[in-house]
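Residue numbers (the working numbering), protein chains in the order written: chain A, 20 to 219; chain B, 20 to 219.
A portion of the hints provided could be inaccurate.
BS3-like, lysine-lysine: derived pairs with alpha carbons at most 25 angstroms apart [as the list claims (entries may be wrong)]:
{"no.": "1", "chain 1": "B", "residue 1": "K71", "chain 2": "B", "residue 2": "K41"}
{"no.": "2", "chain 1": "A", "residue 1": "K41", "chain 2": "B", "residue 2": "K41"}
{"no.": "3", "chain 1": "A", "residue 1": "K141", "chain 2": "B", "residue 2": "K52"}
{"no.": "4", "chain 1": "A", "residue 1": "K71", "chain 2": "B", "residue 2": "K41"}
It is worth saying that the hints were derived from the structure and are not from the lab. Keep in mind the model is a prediction, meaning the values are calculated, not measured.
2 protein chains.
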Amino acid sequence: MSSGVVQTLIDELGRLPGIGPKSAQRIAFHLIKMAEPDALRLSDAIVDAKTKVVFCQRCWNLAEAALCSICADDRRDDHVLCVVEEPRDVVAIERTGDFRGRYHVLHGAMSPMDGIGPEQLKIRELLVRLGDEPISEVILCTNPNLEGEATALFLARSLKVIPDLVVTRLASGLPVGGDLEYVDEVTLGRALSGRRNLDS
Amino acid sequence: MSSGVVQTLIDELGRLPGIGPKSAQRIAFHLIKMAEPDALRLSDAIVDAKTKVVFCQRCWNLAEAALCSICADDRRDDHVLCVVEEPRDVVAIERTGDFRGRYHVLHGAMSPMDGIGPEQLKIRELLVRLGDEPISEVILCTNPNLEGEATALFLARSLKVIPDLVVTRLASGLPVGGDLEYVDEVTLGRALSGRRNLDS
Chain A
20 MSSGVVQTLI
30 DELGRLPGIG
40 PKSAQRIAFH
50 LIKMAEPDAL
60 RLSDAIVDAK
70 TKVVFCQRCW
80 NLAEAALCSI
90 CADDRRDDHV
100 LCVVEEPRDV
110 VAIERTGDFR
120 GRYHVLHGAM
130 SPMDGIGPEQ
140 LKIRELLVRL
150 GDEPISEVIL
160 CTNPNLEGEA
170 TALFLARSLK
180 VIPDLVVTRL
190 ASGLPVGGDL
200 EYVDEVTLGR
210 ALSGRRNLDS
Chain B
20 MSSGVVQTLI
30 DELGRLPGIG
40 PKSAQRIAFH
50 LIKMAEPDAL
60 RLSDAIVDAK
70 TKVVFCQRCW
80 NLAEAALCSI
90 CADDRRDDHV
100 LCVVEEPRDV
110 VAIERTGDFR
120 GRYHVLHGAM
130 SPMDGIGPEQ
140 LKIRELLVRL
150 GDEPISEVIL
160 CTNPNLEGEA
170 TALFLARSLK
180 VIPDLVVTRL
190 ASGLPVGGDL
200 EYVDEVTLGR
210 ALSGRRNLDS
């Protein structure tokens, strides 16, 4: 075969991240075999997400209104701000249940190779917020990789000029439940240099 | 967060085969970041597949008309019929380029545990075709697992009553490019019992 419509579906599914040609084919045949309302719920969800989801005007997280659900929540702490690369990082931190402050989504990390400098990120918007809002601590939660570290370093330097602002970075170290033997040497080195007193 | 629309998309993606919660989230955020026309091409492809794809009236393969592209092709050999479980198996066999006959899709395999007997499969339709069409060989291409073997055995017995019909089964044996050491003992046993003369 393949019939044109089926091949189109396989091709479109194959464009998604982490879906190879075999998975795309498997999912396509599954969708075709599914009850029609179930399959159409997925296509509707895609259309809805593309047409209804916008960026929060304050923190640039995903939102369905001018403000995202976190910015619209009065019970959050206005004094602590978590700076992350992507909306998915907000989801990851929210899942810990350990953070009650607010977020700022940069929409990327600095990567000169890809032509992404500070101007391409929501850094100007971050500085405006730091002037307008009663923020006393900024936690730099960019990824612990080259681009994320460079972005954190750049932000830490830029934010130094703001008086009385505490700037912190997520701790690097051993993953909980991990095994010393299998941890890479850079992470182990970080865990060593970041060691803490047990009574602290 | 998550905003309702985004969570709905993640949930719907998570229902697809082989996509866990993490992948569903990753794909959802990817779709939201994609250019709108690209994302909507996927939702359109799903709608198209669900509304335009039907089953071929002759072989029960996927089709966009009364006959699938293979049944509609005059150059195929009417004398050899490949019986498969699912439309995806037709794709797999077509990809070999080694088969020029026609297909019959059973839409499943016998599985008493799941309440699937001969009546739930397109077996009656197969018998009608064997009466109507000039088929001289039926190749049973069901999967080499419990259900597929049971279905092949059942079909082989049912087709015995038809005079001059040759019924064959796909060979079991070592996968090409495989390694003897890593082949399971059942497959190796089949490969041994199915050994061929090198001059044949």
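Against the structure, the hints:
Distance restraint check for K71(B) and K41(B): the Cα-Cα separation of roughly 31 angstroms exceeds the 25 angstroms cut-off, and the hinted pair is therefore not satisfied. For the suggested pair K41(A) and K41(B), the alpha carbons sit about 19 angstroms apart, so the restraint of at most 25 angstroms is met. At roughly 15 angstroms between alpha-carbon atoms, K141(A) and K52(B) fall within 25 angstroms of each other, so this suggested pair holds. The suggested pairing of K71(A) with K41(B) holds, with an alpha-carbon distance near 22 angstroms, which does not exceed 25 angstroms.
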